[in-house]
Each structure stands twice: as structure tokens, then as C-alpha cells.
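Below are the chains, spelled out letter by letter.
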Amino acid sequence: MIYEQDIYKLIPQRPPIVMIDGFDGISPTEAHTTLTVKPDNIFCQDGKLQEPGIIEHIAQSAAALSGYADFLQNEPPKIGYIGEIKKCSINDLPNVGRQLSTHLQIVAEAMGIKLLQAEVTVAGKQVADCAMKIFLRQE
Amino acid sequence: MEKIELIKKVNEVLAEEFEKEVEELSPEKNIKQTLELDSLSLVDMVALIENEFGVKIPSADLVKVQTFEQLYDYLAERVK
Numbered sequence: 000m001i002y003e004q005d006i007y008k009l010i011p012q013r014p015p016i017v018m019i020d021g022f023d024g025i026s027p028t029e030a031h032t033t034l035t036v037k038p039d040n041i042f043c044q045d046g047k048l049q050e051p052g053i054i055e056h057i058a059q060s061a062a063a064l065s066g067y068a069d070f071l072q073n074e075p076p077k078i079g080y081i082g083e084i085k086k087c088s089i090n091d092l093p094n095v096g097r098q099l100s101t102h103l104q105i106v107a108e109a110m111g112i113k114l115l116q117a118e119v120t121v122a123g124k125q126v127a128d129c130a131m132k133i134f135l136r137q138e
Numbered sequence: 000m001e002k003i004e005l006i007k008k009v010n011e012v013l014a015e016e017f018e019k020e021v022e023e024l025s026p027e028k029n030i031k032q033t034l035e036l037d038s039l040s041l042v043d044m045v046a047l048i049e050n051e052f053g054v055k056i057p058s059a060d061l062v063k064v065q066t067f068e069q070l071y072d073y074l075a076e077r078v079k
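Residue numbers (numbering that gives the first Met the number 0), protein chains in the order written: chain Z, 0 to 138; chain C, 0 to 79.
Keep in mind that the hints are not guaranteed to be accurate.
[What the hints assert, rightly or not] Calculated lysine to aspartate or glutamate pairs in the DMTMM-like style (CA-CA distance at most 20 Å, straight line): (1) C:Lys-19 / C:Asp-37; (2) Z:Lys-85 / C:Glu-15; (3) Z:Lys-85 / C:Glu-18; (4) Z:Lys-86 / C:Glu-15; (5) Z:Lys-85 / C:Asp-72; (6) Z:Lys-86 / C:Asp-72; (7) C:Lys-63 / C:Glu-18; (8) Z:Lys-86 / C:Glu-18; (9) C:Lys-7 / C:Asp-37; (10) Z:Lys-8 / Z:Asp-23; (11) Z:Lys-85 / C:Glu-16; (12) C:Lys-2 / C:Glu-35; (13) Z:Lys-8 / Z:Glu-29; (14) Z:Lys-85 / C:Glu-49; (15) C:Lys-31 / Z:Glu-83; (16) C:Lys-31 / C:Glu-18; (17) Z:Lys-86 / C:Asp-37; (18) C:Lys-63 / C:Glu-35; (19) Z:Lys-47 / Z:Asp-91; (20) Z:Lys-85 / C:Glu-1; (21) C:Lys-55 / Z:Glu-29.
[Stated by the list, open to error] From the derived model, a few chain C residues whose C-beta atoms are all more than 12 Å from chain Z: (22) Met-0; (23) Lys-2; (24) Lys-7; (25) Val-12; (26) Glu-23; (27) Glu-27; (28) Lys-28; (29) Gln-69; (30) Ala-75.
Note that these hints are calculated values from the structure, not bench results. Because the structure is a prediction, the values reported are computed rather than measured. C-beta atoms are modelled at their ideal positions from N, C-alpha and C, and glycine is treated no differently.
Throw the hints in and build the complete structure from the sequences for me.
Okay, here's the thing in C-alpha cells:
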């Protein structure tokens, strides 16, 4: 598991917009990430992480999975863009202090665009799932 | 799987996913134009093919598969 500031080696985002605090690369196409919701998280309102924060957490989880391959080759992480979000359901807004636990898997890739499936749980209960397309800016 | 059966199934799953009539799909037609695929939806087709037929199409091969006939041939060589 990669934690805290070592995450910066995987994603280009920096505080206050870093939305993952743990990363475990299961394979080049599958990973597990975490985020503990802190009171000063910029996506929080009324003590709850809002929908854009959950989506950003999923997107950064995907970026970290891509960045992990770059990290293993001693290269800086590439900037990624969300191309599309499909079949997204958000069932709950996590409270401050709760930990998001996210499983994501790249299910297909074509011409530089990755299609991934993500599921976010809190204490074993699903709070969100979606299919997301991302593409990475090639330097 | 017999090729004629494969073609029928390919046409059915693509027509359903991309909301076309099966009759609109014919061997000589260009896939992207017929299904109105852009760079984002192309990956949906790749995922669908892998899910339905167990065949992963790498990007290097994808650029060579332009028509439905080419797709049928590509899959016929790889579907078990």
C-alpha cells in the first residue's frame, strides 16, 4: 500500500485537491484506493463529502492506477482527463471522518482511452459506482 | 462457432448497444460511420466485443479493422 505523500508520485494533483490517501496496485489494470474524509476537504459541505468529491476521488483513483505504471518506470505521472461518466449512481454522501474504499478495474482500452469500472464503499456498504472513460495527455 | 452464426451475433449485439437496426449493418460498410462511433464510444465497442466474444482488440489491430467484414474475419480467427 502506498500512503500519504508517496501518492504524489502517482498523481499530478497537489493539496488541497488530492482526493486519495492510499493506493494498492493489484495489477496493471486493477487497484484499490482509500480516502478518509477530513473536515477541511474542499468537496465537503455540511459535514458530508458531496457528489463532485466522490467523482473526483474515482477519477484520481484511475489516474493513480495509470500513474503507477509511470512510477514503476521512474517517469512522472501524466495528466488525465475525464472523457465520460456513465451508469453512475451515488447512494450516500459519506460523513467527515469516514473512509472511502474504492475498487477500480480497467475493463477496456482503445486508442488511448481507458474504460474503467469503479465501486466505492464505506464500511462495506456501497455508496457509489460508475463507469468512467479517461484519457491521458501524452507528452 | 460457425462464421454465419458469429456474424449474426456480432450484428445483434452491436445493433442493440448502439441503437441501430440489424439491417443497417452490412459487411462492406465502415463500422465507425455506421454505428456513429467517436473516439470515446469506440472503447465501448471494444469492451462489448471482449465481453461477448472474449476477444481483446489491441489499438494496433483496431486501426486495421475498418469494415464489418474485417471485424467478422478478425473475430472468426480468434473466437474459440
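Verification of the supplied hints:
no.: 1; hint: C:Lys-19 / C:Asp-37; result: 15 Å, holds
no.: 2; hint: Z:Lys-85 / C:Glu-15; result: 17 Å, holds
no.: 3; hint: Z:Lys-85 / C:Glu-18; result: 16 Å, holds
no.: 4; hint: Z:Lys-86 / C:Glu-15; result: 17 Å, holds
no.: 5; hint: Z:Lys-85 / C:Asp-72; result: 31 Å, violated
no.: 6; hint: Z:Lys-86 / C:Asp-72; result: 32 Å, violated
no.: 7; hint: C:Lys-63 / C:Glu-18; result: 24 Å, violated
no.: 8; hint: Z:Lys-86 / C:Glu-18; result: 17 Å, holds
no.: 9; hint: C:Lys-7 / C:Asp-37; result: 24 Å, violated
no.: 10; hint: Z:Lys-8 / Z:Asp-23; result: 13 Å, holds
no.: 11; hint: Z:Lys-85 / C:Glu-16; result: 14 Å, holds
no.: 12; hint: C:Lys-2 / C:Glu-35; result: 25 Å, violated
no.: 13; hint: Z:Lys-8 / Z:Glu-29; result: 18 Å, holds
no.: 14; hint: Z:Lys-85 / C:Glu-49; result: 19 Å, holds
no.: 15; hint: C:Lys-31 / Z:Glu-83; result: 18 Å, holds
no.: 16; hint: C:Lys-31 / C:Glu-18; result: 13 Å, holds
no.: 17; hint: Z:Lys-86 / C:Asp-37; result: 19 Å, holds
no.: 18; hint: C:Lys-63 / C:Glu-35; result: 18 Å, holds
no.: 19; hint: Z:Lys-47 / Z:Asp-91; result: 9 Å, holds
no.: 20; hint: Z:Lys-85 / C:Glu-1; result: 34 Å, violated
no.: 21; hint: C:Lys-55 / Z:Glu-29; result: 17 Å, holds
no.: 22; hint: Met-0; result: 21 Å, holds
no.: 23; hint: Lys-2; result: 24 Å, holds
no.: 24; hint: Lys-7; result: 23 Å, holds
no.: 25; hint: Val-12; result: 14 Å, holds
no.: 26; hint: Glu-23; result: 22 Å, holds
no.: 27; hint: Glu-27; result: 23 Å, holds
no.: 28; hint: Lys-28; result: 20 Å, holds
no.: 29; hint: Gln-69; result: 16 Å, holds
no.: 30; hint: Ala-75; result: 20 Å, holds
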